[in-house]
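K.L.:
Residue-level listing of the chains:
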Amino acid sequence: MDGGFLPALFTDHTLRVVGLGAGAVGALAGSLGCFALLRRQSLLGDAVSHAALPGIALAFLLTGSRATPVLVLGAALTGWLGTLFVMAVVRHSRIPEDSALGILLSVFFGVGLVLLTFLQRGPTAAQAGLDTFLFGQAATLLVQDVILVLSLGGVALLLLALSWKEVKLLAFDREFGRVQGIPMGRVDLLLTSLLVVAIVLGLQTVGVVLMSALVVAPAAAARQWTDSLGRMVILAGALGAGAGVGGAWMSTLGDGIPTGPAIVLLASGVVAVSILAAPRRGVLWDRIRRRRVRARLAAGGGTPGMPSEAPGERERLGGGD
Amino acid sequence: MPLHVEIQLLAVVVAAACALPGVFLVLRRVALISDAISHSVLLGIVLAFFWVRDLTHPALILGATATGILTVALVEALHRSGRVKEDAAIALVFPALFSLAVLLIARYAGQIHLDVHSVLLGEIALSPFRRWEVGGVDLGPRSLWMMGGILILNAGALLLLWKELKVSTFDPALAASLGFSPVVLHYAFMTLVSVTAVGAFDAVGSILVVALMIAPPATAWLLTDRLSVMVGLSVALAVAAAVTGFWAAWLLDVSIAGSMAAMTGVGFVLAFILAPDRGVLASLRRRARQRVEFSGMLLAVHLLHHEGTADESVETRVDHLQKHLRWSPDFARRVIDRAERVGWVRREGRERLRLTPLGRETAKVGMIR
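As they're listed, the protein sequences go chains W and X. Letter by letter, the first sequence follows residues 1 to 321 in our numbering. Letter by letter, the second sequence follows residues 1 to 369 in our numbering.
Only chain W is shown next, with the shape it has when bound in the complex (with noise of 0.2 Å):
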């Protein structure tokens, strides 16, 4: 099936473009998720993607158009204001984070399906490719939104690389950065913004409800093979293209296939063979030097060399090592 696949991706034109929009969308919602991992944000993409639903639908009730630029206004405008209102929420109550989160995707989740059915009561059927926003279906990506995602997604990565000195010492060490005389808050907005940009870029193909994985995923397997944010930032957009040509092909093999959850258990598998093998921090690597240590000390060595901390000691990032 591999012979044939790649050979298809450079030929047939549908599928040249439902893999390239997949894939930009998986390389930017990767590299972009690694600031939400390391800032433990991970559930916030979750709670944005579920608050563009209702932008989704707004929109179209606004403008009567189901072109992807105004949808993606649409998303991107109720995802920026959600996360506004967790912020707001978590400022000034002693409401924690998580539950801001929950009942934000909740609400803004059930506004938007009001919104949808709203809609469909309508005499039009225009509304009907709304619906595959929820999970997304990459086969119904055209041409200019590929090119929306890539100009979209290369701006924002961009402005990354830009602003890489910030924000990777908001994501490490935020009062440090404060004390330079940096605004943080501002460092702050511009990479949420950054981060609502990549998920409502990425609904059309993965959809509202799965989007949170693509961000997480491919960071969570990235963070298991280094320690230097660059590196980690690239792997993750690289894993996350990777999962996202993958999971398009995988659509387009079987009728009515979803494209978020082939995408998605891509991913899933990728984290979890990163967590269990990879060098120096998987799982079955401290097994086995677990298992030496120990016949070592049975047989009355030292432990030279032996790291001793606990793995989630070694959670920190960046530095040297």
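Where chain X lies over chain W, by a calculated footprint (3+ residues, C-beta under 8 Å):
| hint | stretch |
| --- | --- |
| 1 | 38-49 |
| 2 | 93-106 |
| 3 | 199-213 |
| 4 | 220-231 |
| 5 | 264-277 |
If you're looking for bench data, these hints aren't it; they were derived computationally from the structure. By construction, the Cβ of each residue, glycine as well, lies at the ideal position given by its N, Cα and C atoms.
Place chain X on chain W using the hints.
P.N.:
Frame of chain W; chain X shown alone:
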């Protein structure tokens, strides 16, 4: 019973059943585990269906509850491995399980009458059509019986484990030292959440489960400091959201589950802004009052400072305050009114202020402070 009464009754029971465990989910800061469980139970339903080939079989509920608990266990195992943080563990586990379920359904769509959309979004309007009949006698909608049972189970478990849950929620260290096993209690509680999510998932869809478990307890937490009151309020708020949501959906002819979820959000936003002590407006008002109080003290100190000096006649003029202390005329009037009311200053003529003995004392104390 008329259809709409049955739907509302079901909605009320589901709302109460979800709000009860929701209180502890919110207080223990594991609210989003409800999101994870309510999605991944789909896999249990699908797998159990492959086993028994019957969508009404009780094994489906057992399977779904088991996957709910499996989700919790997987999240904990991942988190404990130290390779990912807890939030990332949640974000990794449930999409994988949910995706597997969706793919299985898509693969065998011809054989299963399990519609992913209705599972996710809920079709509470259709629930009353699935009846429970014994010996030809119609006993009402099946989900109503099931959710009624789950509600009783939740209420009973909460009463039975009240003390243990309360202590372990607010003081885990004390709970451990008193000899409650946190692990046993945690899994017992998570089993309750899973059972509730499964039952409610069937009736109203997973999104409404999340909304009902999180939003009403969070709203209640803004309104009270007492756990027992919070539980009662959560149930009342969830029921109110369910009923108003139902009527809004009925009138507008839109998704009932979506409308109920939206109503839980309306309740939360209202409390967030208007709650008597903890609302945004209350804290704004409190801050404004404190500003006036503090400025009154400042005024007293200012007057004391210039008492008996050469420029006293200038410095004690009301219109001079605007220049000297940079107060707007309106704000100055409010400060002076309050200072007069509490007896710190009195007006001399129309434009002069003079400290009372009480005001003088206050200013002296204020300067020391």
